[in-house]
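S.K.: Sequences listed follow chains G and R, in order.
Heads up: take any position in the first sequence, counting from 1, add 485, and you land on my numbering.
Heads up: take any position in the second sequence, counting from 1, add 1295, and you land on my numbering.
Please keep in mind that the hints were generated in silico from the structure rather than gathered at the bench.
You may find that some hints are simply not true.
[As the list claims (entries may be wrong)] For lysine-lysine, the following BS3-like pairs were computed, each having C-alpha atoms within a straight-line distance of at most 30 angstroms: (1) Lys1346(R) / Lys556(G); (2) Lys553(G) / Lys490(G); (3) Lys490(G) / Lys1322(R); (4) Lys585(G) / Lys1357(R); (5) Lys523(G) / Lys1322(R); (6) Lys1346(R) / Lys585(G); (7) Lys1366(R) / Lys541(G); (8) Lys1346(R) / Lys539(G); (9) Lys1339(R) / Lys585(G); (10) Lys1339(R) / Lys490(G); (11) Lys523(G) / Lys1339(R); (12) Lys539(G) / Lys1366(R); (13) Lys539(G) / Lys1339(R); (14) Lys1322(R) / Lys553(G); (15) Lys539(G) / Lys523(G); (16) Lys585(G) / Lys1366(R).
[As the list claims (entries may be wrong)] Covered, in the sense of this in silico footprint (three residues per stretch, anywhere, with C-beta under 8 angstroms from a C-beta of chain R), are these stretches of chain G: (17) 514-527; (18) 530-543; (19) 584-596.
[What the hints assert, rightly or not] Label-pair ranges, simulated between beta-carbon atoms: (20) Lys1339(R) / Ser513(G): 31 to 39 angstroms; (21) Ser497(G) / Leu1333(R): 23 to 31 angstroms; (22) Ser559(G) / Gly1380(R): 32 to 40 angstroms.
C-beta atoms are modelled at their ideal positions from N, C-alpha and C, and glycine is treated no differently.
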Amino acid sequence: DQQVKQNSPSLSVQEGRISILNCDYTNSMFDYFLWYKKYPAEGPTFLISISSIKDKNEDGRFTVFLNKSAKHLSLHIVPSQPGDSAVYFCAASSNFGNEKLTFGTGTRLTIIP
Amino acid sequence: NAGVMQNPRHLVRRRGQEARLRCSPMKGHSHVYWYRQLPEEGLKFMVYLQKENIIDESGMPKERFSAEFPKEGPSILRIQQVVRGDSAAYFCASSPGQDSPLHFGNGTRLTVT
């Protein structure tokens, strides 16, 4: 049972435009959500997180939006840069903690110069 | 400040052999986590340890898998009598506490022949 779903395996975006990556979850106990970025042959790198008490969190070019009623979150990257090309994983946990994350299957983002 | 160090990066084992994967957390981090990524899937939680204690092993297969984080030295993930289905990338992560994002190592890619 996939509790965190990233339904788009891949996404291509022109450099300078906005990239929007989506994530859906089914477990109502999840209250903390994170986005990780992964380059080939490397481990995931933390990007940004959001707690369920918020609906938006922003950090530079990255903004995460949370819609609790729809059990949906999205990551916006603007403007997109070539270095943003990577696989992006959505992750979720309960008890506002990091100790047991449930990951989605990832979306491969390609930024076209 | 060195990141999370995992070794070896690549490990090849024949069916029935033992695999030992090592992880040295970041300096100052006392929380260690192991995740496994099967091909075309997201990372799946295996076990969460603190020094000399297993806190949560709910993601560990019941047989053949064990993990430890001794008082001195790296954390070890041990897989006995490996089978082809154990072939995966194994990622270790560390954090200074439950409220801090996880820092991942670059993983050990295990191939069972």
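S.K.: Does each hint fit the structure? Answer for all of them.
M.R.: Status of each hint after checking the structure:
Distance restraint check for Lys1346(R) and Lys556(G): the Cα-Cα separation of roughly 36 angstroms exceeds the 30 angstroms cut-off, and the hinted pair is therefore not satisfied. Between the alpha carbons of Lys553(G) and Lys490(G) the distance comes to roughly 15 angstroms, so the proposed pair stays at or under 30 angstroms and holds. About 33 angstroms separates the Cα atoms of Lys490(G) and Lys1322(R), which puts this hinted pair outside 30 angstroms; it is violated. Of the pairs offered as hints, the one joining Lys585(G) and Lys1357(R) holds, with about 18 angstroms between alpha carbons and a cut-off of 30 angstroms not exceeded.
Between the alpha carbons of Lys523(G) and Lys1322(R) the distance comes to roughly 22 angstroms, so the proposed pair stays at or under 30 angstroms and holds. With a CA separation close to 17 angstroms, the supplied pair Lys1346(R) and Lys585(G) stays within the 30 angstroms bound. Distance restraint check for Lys1366(R) and Lys541(G): the Cα-Cα separation of roughly 40 angstroms exceeds the 30 angstroms cut-off, and the hinted pair is therefore not satisfied. For the suggested pair Lys1346(R) and Lys539(G), the alpha carbons sit about 34 angstroms apart, so the restraint of at most 30 angstroms is broken.
A distance of roughly 9 angstroms separates the Cα atoms of Lys1339(R) and Lys585(G); the hinted pair therefore holds under the 30 angstroms criterion. Taking the CA atoms of Lys1339(R) and Lys490(G), the gap is about 13 angstroms. The hint holds against a cut of 30 angstroms. For the hint pairing Lys523(G) with Lys1339(R), the CA-to-CA distance comes to about 15 angstroms; that is within 30 angstroms, so the pair holds. Between the alpha carbons of Lys539(G) and Lys1366(R) the distance comes to roughly 39 angstroms, so the proposed pair goes past 30 angstroms and is violated.
Simply put, Lys539(G) and Lys1339(R) have alpha-carbon atoms about 26 angstroms apart, close enough for the 30 angstroms limit, and the pair holds. For the given pair, Lys1322(R) sits about 36 angstroms from Lys553(G) by alpha-carbon distance, which is inconsistent with the 30 angstroms threshold. Of the pairs offered as hints, the one joining Lys539(G) and Lys523(G) holds, with about 25 angstroms between alpha carbons and a cut-off of 30 angstroms not exceeded. Annotation: proposed proximity of Lys585(G) to Lys1366(R) holds, straight-line Cα distance about 22 angstroms (limit 30 angstroms).
A count of 4 residues in the stretch 514-527 of chain G with a Cβ less than 8 angstroms from any Cβ of chain R is obtained; the coverage claim is therefore met, three being the minimum. A count of 3 residues in the stretch 530-543 of chain G with a Cβ less than 8 angstroms from any Cβ of chain R is obtained; the coverage claim is therefore met, three being the minimum. Taking a C-beta to C-beta cut-off of 8 angstroms, the stretch 584-596 of chain G contributes 8 residues in contact with chain R, enough for the three needed, and the coverage statement holds. The hinted window of 31 to 39 angstroms between Lys1339(R) and Ser513(G) is violated, with their beta carbons roughly 21 angstroms apart.
The supplied range of 23 to 31 angstroms is met by Ser497(G) and Leu1333(R), whose beta-carbon atoms lie about 26 angstroms from each other. Under the hint 32 to 40 angstroms, the C-beta atoms of Ser559(G) and Gly1380(R), about 34 angstroms apart, fit the expected range.
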